[in-house]
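Peer 1: Chains as they are written, first to last, in our numbering: chain C, 1 to 341; chain Z, 1 to 341; chain P, 1 to 341; chain B, 1 to 341.
Certain hints may be false.
[Claimed, not checked] In silico negatives: residues of chain Z with every beta carbon more than 10 Å from chain C: (1) 15; (2) 43; (3) 49; (4) 54; (5) 89; (6) 167; (7) 202; (8) 210; (9) 307.
[Said to hold, decoys possible] Coverage of chain Z stretches by chain B, computed from C-beta distances (three or more under 8 Å per stretch; other residues unrestricted): (10) 234 to 243; (11) 273 to 280; (12) 295 to 301.
[As the list claims (entries may be wrong)] Residues from chain P shown here face chain Z by an in silico Cβ test under 7 Å; the list is partial: (13) 60; (14) 64; (15) 66; (16) 67; (17) 245; (18) 250; (19) 285.
No wet-lab data here; the hints were simulated from the structure. Where a beta carbon is used, it is the ideal one built from N, C-alpha and C, also for glycine.
There are 4 protein chains.
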Amino acid sequence: MIVVMRHDATEENIRNVVQAIEQCGLTTHLSKGSEITIVGVIGDKSKLSKINLDLLPGVEKLVPVTESYKLANKKFHVGSSVIKVGNCEIGGNEIVIMAGPCAVESKEQLLETAHAVKKAGAQILRGGAYKPRTSPYAFQGLEEEGLKYMAEAREETGLAIVCEVTSIQAVETAVKYVDMLQIGARNMQNFQLLKEVGKTNIPVLLKRGLCATIEEWLNAAEYIMSEGNTNVVLCERGIRTYETATRNTLDISAVPVIKSKSHLPIIVDPSHATGVRAYVPSLAKAAVAAGADGLMIEVHPNPSCALSDGPQSLNPDDFFKLCSELKPLAEVIGRSFNGHE
Amino acid sequence: MIVVMRHDATEENIRNVVQAIEQCGLTTHLSKGSEITIVGVIGDKSKLSKINLDLLPGVEKLVPVTESYKLANKKFHVGSSVIKVGNCEIGGNEIVIMAGPCAVESKEQLLETAHAVKKAGAQILRGGAYKPRTSPYAFQGLEEEGLKYMAEAREETGLAIVCEVTSIQAVETAVKYVDMLQIGARNMQNFQLLKEVGKTNIPVLLKRGLCATIEEWLNAAEYIMSEGNTNVVLCERGIRTYETATRNTLDISAVPVIKSKSHLPIIVDPSHATGVRAYVPSLAKAAVAAGADGLMIEVHPNPSCALSDGPQSLNPDDFFKLCSELKPLAEVIGRSFNGHE
Amino acid sequence: MIVVMRHDATEENIRNVVQAIEQCGLTTHLSKGSEITIVGVIGDKSKLSKINLDLLPGVEKLVPVTESYKLANKKFHVGSSVIKVGNCEIGGNEIVIMAGPCAVESKEQLLETAHAVKKAGAQILRGGAYKPRTSPYAFQGLEEEGLKYMAEAREETGLAIVCEVTSIQAVETAVKYVDMLQIGARNMQNFQLLKEVGKTNIPVLLKRGLCATIEEWLNAAEYIMSEGNTNVVLCERGIRTYETATRNTLDISAVPVIKSKSHLPIIVDPSHATGVRAYVPSLAKAAVAAGADGLMIEVHPNPSCALSDGPQSLNPDDFFKLCSELKPLAEVIGRSFNGHE
Amino acid sequence: MIVVMRHDATEENIRNVVQAIEQCGLTTHLSKGSEITIVGVIGDKSKLSKINLDLLPGVEKLVPVTESYKLANKKFHVGSSVIKVGNCEIGGNEIVIMAGPCAVESKEQLLETAHAVKKAGAQILRGGAYKPRTSPYAFQGLEEEGLKYMAEAREETGLAIVCEVTSIQAVETAVKYVDMLQIGARNMQNFQLLKEVGKTNIPVLLKRGLCATIEEWLNAAEYIMSEGNTNVVLCERGIRTYETATRNTLDISAVPVIKSKSHLPIIVDPSHATGVRAYVPSLAKAAVAAGADGLMIEVHPNPSCALSDGPQSLNPDDFFKLCSELKPLAEVIGRSFNGHE
């Protein structure tokens, strides 16, 4: 950390800052410039947690120079993490596709979708049993019944299954059924929930919050990892901006940024990012070309009758076509895409 | 709701849309223009929840014309709501100030602050016992011990107390101590938590999410109210934008917008909005002049040693001075400010 | 400036950085920490303009510690600037109101408005003769004819006049008529135009760009001032965010931030900030309470027939009422408001 | 256009609205719902420009149902536009690369870069002679001297050349030298400048404004096209958001959105979008995979000595490597990439 002093800071101000830091057991380095004086802080800055340096007289601002996340940080980890979910691996050479309906609506709808996405090349079935909805009057999900259908779909197809959890109670139930727990965008900073999934040994798909910075997102991963569960996969799903032509703005740059800052795998969800079915294939290809380790795509057998997010769901034929285009694209950039026939 | 048809929609497309709507038990009105045809939908649109009209062939887009929240909506409520918290009323003529430390750190710190803010004119003591923090390595709060200190401070000073709850477990504990439950910005769409506080009969302070629209915020209030607890007070605390000169951007317009759309009271938190102590008095006055029903302000006896958010906390002297300026300001716009000596 | 080295930077990397800086005639200070090394740069950093330090091997990032604007900077200027426009002063004790129609439409419309705003207490008449419009098919302004009407309105009422200029040609014409030149939000980084108004000796009202940071805004002021014209008044008019309940989001915090960073006066335009007439009075009062030096408000004799921005214009009666409320508000915070009868 | 009436609008309010519309020579359709009445407006809505419908008593809001741009609109144009620049075509099957330095610094720097980018596969040389810079103290460009070097580089290499113009004077000079005029992000709503390039017959590269919506961007294209010059190519270069890990946020969704709304070609500039050299290749591939018609990439022979935007420039080797990866990627998605050896 660097302490930048005000241009009118006195010698006494500077001495006080140095003293305050050193009393916490840290070392300082002084740089006196013509306009400004800077105090470098050397050592473990968590020792400073008892004082607010920026409130000492003469202090202009503090500039952090190291990230606050450790376990998720690439600097302290050799190589990239590969997370095993069911029989597939995320973060390795293969592009992994998670597909399925936004919400589980019935056993028939789910099984029909599961067979279709498996045939196209998906390896993980997604399906929401606990749905966070903006309005309390919208469909809220089938809850445990939905999880049971998901488990049945796994039996029938061999696909691994991922489901969102929205409360500690939902975690307790879901761990009995699923291969991967999903933390949705709205809960990315529900720290109690992050700690709870961190206590399980089930892989976690951590969606980026609607207006979370990449730094906050990696700190959310840190919450899970610091409880012992290091099997975290990140999912970029669009951020909120002023543009209204799409539901959210897919931050495609998050792919190379995460690859440079963290060892964790990252996948992309073009369905929630745009909210518009017609734009999904274009963005799915962009994500793979950018270096994402996988995709999460909404597929519904009859999008015009979906109870949730129909406008952004592909039908099985469109999804099959997309996968047939993704396979050669993955190969030309040196990745594999095994599922598609 | 209005269905706008594509300019190349066929007669058959239009017939299908009309038919689909009428099969749900609703009435339609057709407007055929030179360029475009519009289908007006008349009746309770929740009956349409089983179909996705925007996916029918020929449909360009749907335009909602009514809000999805009902209980929080000014249209369906006569007059403004006044919420009683302890002995004070929020939403009436009086400006109500909630003040205190970001986090409860010790009994001494809390009591010292409580006496100071009471003297200056605050009527409600704030203090965090459960702290949502970006990094898992930051101070997380004293939990139930903190709530006990808050209750003691109430005994000593007569101030009502408000505390944030971050989980269902925290709600269960907090209801034994507090006069008002606070839902923080990060949990504004933690729908399980909203429902839980909606089942209590304790007033709720609902902070706006970091990137929540006013519509989403009122829908979050609707979650609480639809469980039976209509004692909701809204709190604007800054939204996330590209500007970095302040921690967040105080959306002062939210005050007149909420007053035009809802009957619920609204207060403003200039401390979290700016993150900078020096800007707090200016924004506190702006909020009162704009028509806010109250303020939430962080006060700490020794901000340079605060464990959380020190840089934005006022010391007791600054807070006293601010209140002495707010009193005549409140009066000149026709409100009262009773506490200040 | 501070150069933060990567945690894996070698001794040679560090030596190279130090050498590169010193070859530019600057001095360095080294701080070697357990995790990271920092190089402080001392002296005039414009000497570094020939090298890109952040591209040297081993460099993590550069952290600027001083602002790039000098003439607009409070640090290098004693006291606050007071800008004289016609007979009134902006930045002194008095709150100055600029009011008038968005666009000059006819002589009658303008004169009627001018008399009305003068009576209510405005000291400067605003009126657009050159209108920047999103669509090329919208009304573009009366150009020089509009300026002539403005000058006539000044003769009749004694009000000073301010008009927007959108091109160098418009500046050349406008200087013959107006007391103050306005640079609109869309042209805040039209640097040729900034330089051109900087060559005149007429006061400039510089509106903040739709998504300009405060730092960029002050740099835009610097462009004008560096050409010799230091008579710059800043105008906050709302920034672009994700919220759609208002046309823009008024960044009320800009008032105390500018007051802390610059000596230039700042006024607020609540009409463009919200785009909704009903919200204007609330925000006008908030701006004065926050410490703004004045307001710019759209007034039209018949808003429902305005050719531009009618929905946000007040009619003369509403404006009169607002001014009668602003007068005691200004006085209670220690300012004066002289015009209102 | 649709007029939504307030739920408490009277019969008289509705009659007045209908009458006002019909007096402008338009037709109306009334839809009376249980909660709300809607008035559909049929015919050319520019006839309504003399009245502000939303200010008539009882009106809740206006909902536009058609776009304000016509010439740039896909609805009124058969097929996609192909724009010829020098000997290459943008918007056809081939991916076109524009590359070169941010700023022209010297003849040597430019020629070295021109040969390098030609060898790698670029078809158009970019190079700034007029530089819009945030601070007036930063390097502002070589102006006409820079244009001459650009023309020399064209002679030597056969590459077409594109240069930014920042004022009407710059347009007058540039038309004598360049094959394509560039309008930069900061000038996207400099309407005088748009009209001026619209009067030339030289193709225009129109960059998206820092916080422009796609609708505003297409309206800016409309300004150029409505003056007679329909040779417009759009360039997505990142928008401003709260995320600071990259300089801007590349809105990759703009590619499919523009393809669905307009017939104009779209290219992507990953250099300005991220501001970080290491992220450029990932985003360049993403853009091509998403369906962009080309790329604009900054290349500098010695990025660590560039006078402008060095940190985001690729060196010639990195650029050659990127092009060698883009070629098979383009082919696998059915496009061609001819230049690369």
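Peer 1: Confirm or reject each hint.
Peer 2: Hint-by-hint comparison with the structure:
Look at residue 15 of chain Z: its CB is around 16 Å from the nearest CB on chain C, clear of 10 Å, so calling it non-interface holds up. Residue-level check passed: residue 43 of chain Z sits 15 Å from the nearest beta carbon of chain C, beyond 10 Å. Not every Cβ of chain C is farther than 10 Å from the Cβ of residue 49 of chain Z; the closest lies at roughly 7 Å, contradicting the non-interface assignment. Remark: the non-interface label on residue 54 of chain Z conflicts with the geometry, its nearest Cβ contact in chain C lying 5 Å away (cut-off 10 Å).
With a cut of 10 Å on Cβ distances, residue 89 of chain Z stays outside the contact zone with chain C, its closest approach being about 27 Å. Interface exclusion of residue 167 of chain Z from chain C breaks down, the closest Cβ pair being 4 Å apart, not more than 10 Å. At roughly 19 Å from the closest C-beta of chain C, the C-beta of residue 202 of chain Z stays outside 10 Å, upholding its exclusion from the interface. Some Cβ of chain C comes within 10 Å of the Cβ of residue 210 of chain Z; the nearest lies about 5 Å off, and the non-interface call is violated.
A Cβ of chain C approaches the Cβ of residue 307 of chain Z within 10 Å, the least distance being about 7 Å, so the stated non-interface status is violated. Counting residues of the segment 234 to 243 of chain Z whose C-beta sits closer than 8 Å to any C-beta of chain B gives 3, which meets the bar of three, so the coverage hint holds. Only when three residues or more bring their CB closer than 8 Å to a CB of chain B does the claim for the segment 273 to 280 of chain Z stand; here the count is 0, and the claim is violated. Beta-carbon proximity to chain B at under 8 Å applies to 0 residues in the segment 295 to 301 of chain Z; the threshold of 3 is not reached and the given coverage is violated.
The interface hint given for residue 60 of chain P is broken, as the beta carbon of that residue sits about 19 Å from the closest beta carbon of chain Z, more than 7 Å. The restraint placing residue 64 of chain P at the interface with chain Z is violated, with a minimum CB-CB distance near 13 Å, outside the 7 Å limit. Checking residue 66 of chain P against chain Z: minimum C-beta separation of about 15 Å lies over 7 Å; hint violated. Given the 7 Å rule on beta carbons, the hint for residue 67 of chain P is violated: about 11 Å separates it from the nearest Cβ of chain Z.
Interface hint status for residue 245 of chain P: upheld, as the beta-carbon distance to the closest one in chain Z is roughly 5 Å, under 7 Å. Interface restraint check for residue 250 of chain P: the shortest CB-CB distance to chain Z comes to about 5 Å, inside 7 Å, so the restraint holds. A distance limit of 7 Å between C-beta atoms decides the matter here; for residue 285 of chain P the minimum to chain Z is near 4 Å, and the interface restraint holds.
Hint compliance for this structure: hints 3, 4, 6, 8, 9, 11, 12, 13, 14, 15, 16 are broken, all remaining hints hold.
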